[in-house]
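One letter stands for each residue in the lines below.
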Amino acid sequence: MKKNNLKAWLYLLPAILFLGAFMVYPLIDVFVYSFEEGYNSAAQTSFGVGAYNYRYVLHDPYFLQAVKNTFILVIITVPLSTGISLLIALGLSSIKPLRNLFQTVYFLPYVTNTLAVGLVFMILFKKTDYTDGMINLLIQTFGGKSVDFIEGPYWAKMFVLSFYTIWIVMPFKILILTSALASVNEEYYKAARVDGTSKSRIFFKITLPMISPMIFYLVITGFIGAFKAYSDAVALFGTNLNAAGMNTIVGYIYDMLYGNSGGYPSYASAAAIILFSIVLTITVINLMISRKSLRS
Amino acid sequence: MKVVLKELTKRFANRTKGQPDVIAVNHFNIELPDGKLIGLLGPSGCGKSTALNLISGLEIPTEGQVFFEEDDVTKLPAEHRGVGLVFQNYALYPHLTVRQNIAFPLGNLKGDQKLPKEEVERRVEEAARLVQIDQLMDRKPSEMSGGQQQRVAIARALVKQPKILLLDEPLSNLDARLRLQTREELRRIQRETGITTVFVTHDQEEAMSISDLIIVMKEGVIQQVDEPQKVYTDPVNLFVAKFLGTPEINVFRGTVRNGQLFLGEESVLDVPGVEDREVYVGIRPEGFILSETGRFTMDLKRVEEMGRDTSVIAAHPAAEKPTVRAIISSENEVDRTKETVKFDIKPFRTYLFDIETEERIPFGG
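Just so you know, the protein sequences line up as chains S and C, in that order.
Under my numbering, the first residue of the first sequence is numbered 967, with each subsequent residue one higher.
Under my numbering, the first residue of the second sequence is numbered 152, with each subsequent residue one higher.
No lab work stands behind these hints, which were simulated from the structure alone.
Note that the structure is a prediction, hence the values are computed from the model and not measured.
In silico EDC-like cross-links for lysine to aspartate or glutamate, where the CA-CA straight-line distance does not exceed 20 Å:
(1) K1171(S) x E230(C)
(2) K381(C) x E356(C)
(3) K291(C) x E1153(S)
(4) K1165(S) x E210(C)
(5) K393(C) x E370(C)
(6) K1171(S) x E272(C)
(7) K1165(S) x E1152(S)
(8) K226(C) x E158(C)
(9) K489(C) x E456(C)
(10) K369(C) x D385(C)
(11) K1258(S) x E294(C)
(12) K314(C) x D185(C)
(13) K153(C) x D185(C)
(14) K314(C) x D363(C)
(15) K187(C) x E221(C)
(16) K489(C) x E443(C)
(17) K157(C) x E221(C)
(18) K1156(S) x E320(C)
(19) K153(C) x E378(C)
(20) K369(C) x E214(C)
(21) K497(C) x D421(C)
(22) K265(C) x E276(C)
(23) K157(C) x D222(C)
(24) K472(C) x E509(C)
(25) K1258(S) x D289(C)
(26) K1156(S) x E230(C)
(27) K153(C) x E343(C)
(28) K1156(S) x E210(C)
(29) K1171(S) x D289(C)
(30) K1062(S) x E210(C)
(31) K1165(S) x E230(C)
(32) K187(C) x E356(C)
(33) K291(C) x E272(C)
(34) K369(C) x E510(C)
(35) K153(C) x E220(C)
(36) K187(C) x D377(C)
Ranges between beta-carbon positions, derived for each pair:
(37) L266(C) x A1148(S): 33 to 41 Å
(38) L1074(S) x I211(C): 34 to 42 Å
(39) S195(C) x L1074(S): 39 to 47 Å
(40) P1179(S) x T384(C): 50 to 58 Å
Backbone N, C-alpha and C fix where the C-beta goes; we use that ideal spot for every residue, glycine too.
Please model the complete structure; the sequences and the hints are all you need to start from.
If you want it as structure tokens, here you go:
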């Protein structure tokens, strides 16, 4: 037994070394920085230890704006993207001809570069001196007034960002849900049919419970992913997100690290720890709900 | 309820392009009598399950009609036929408890058919008691044995009080001991409910032991419809004779000359009324009588004592297989020192079949 244990540790050693050096150590380090006031990474000095960084960050209007943006984004995009993906997956699994073609088409956004897609969205939504953008042209043909989605009102910008985020996360969800639907044994449906079960009852009483582990998985990873949103906002609104009022928590951390020549690593660390605790809390709640409903 | 199948046919397009269609069920004409337990028997891939699905409405026939009593239900979809169906792997909803599973079909009733809660409860309890799982109502299917799951599946099929109960290979997922027990259960449940029941099986013993009526199928075609014992003692063709009975029937190639059956050079049996011809001869293992003066001589290979019975394993050049098995009472002493063994054969356990058509040739005597 003892010998086997030793062997096991030996096998685990490479992974432990790398994980320790590149994950655990930085995490602890960030935690330490977040309590060191005015930490300077070049000089490795700080003024003192305390909760000052947290106090500063939590009172920083930019941070509060970023938190607000992130929460709105999460609340809008996670349910919507999962719901729409489920509808599309259901549609895909109920059609026979051209199913593979549609599956490929729906998967394309997943393999497309975020910034390239951002460019396309700019063309669709951005107002320039020459054109109001495709979407505005569309709105105008229906008699509406054109809206500046990129530099205009907050709700318009949030709409574009949510739209974009939903669009970019959907392919993966559709993929997972189509395979989840395909893995439900055909016999359950046959049994339900013989018993005269209506379509909606089949969906809510059989299909949905059967694929619920996958849905929970998508919701949990969706929450985590949406809390870490950053590149989507950059793709749409450029790097100066604070000016656009569209910063996210990760964006704020990034700005704090690299902004203003050298940046403020202490503030960045504090913000990162706050984000970490938010994500952790939400994930734990999610897991608790999913465990409970999967058991019953 | 009586079920009548008229010229019922189901064709499937062949998977390999250019090949002819597969005819899973070929011109079925049969009447399934009310209140009987009917075994649909045949080797794997002979179209038994398709036939069952045609009755349930899960498959739509290419030709022909299905009648429930006098009503033509051919075009009626499965959900309106009111049949109970038990699947081979039970198809119990894994996320629901036994109680919820059994109650599921009742939850589908709408409008005036909708049952009050107490009535649902009562019916569920009743169905559960009938199959003797009323102690396990709050378990999930995954917490039950195969036999228990089977019972739940039957209860779920029975709870809506169907006019006909269909079971697809109901015992094939159970181990040997449980299978014996469950098939008795099946018989009991059918007797108690009096519901017309059709079950599909490839196991002839299963079909023989509990059915009132056996339908033997081969490649989509009905071979014989009869009472179990009749199918065994009076097979219509070589296929049926071979398919029923364990150990299998012994098949020889023989010749009929002057009303006598010759196996090799020996005349082994008088077969009056049969013209001179080549024939297949089927002799059931129990159709041999050990006799010093027997007319049928075979090479003795070995003797297997099995308590009540003794198996004599012999060989004969005219036999289809390298060994011939004769089962005789163990009161008979076989002289193992001899190279040969002599038998007389029982005419009522011996069958003649045409070489070409493999149809039975009757003989008097």
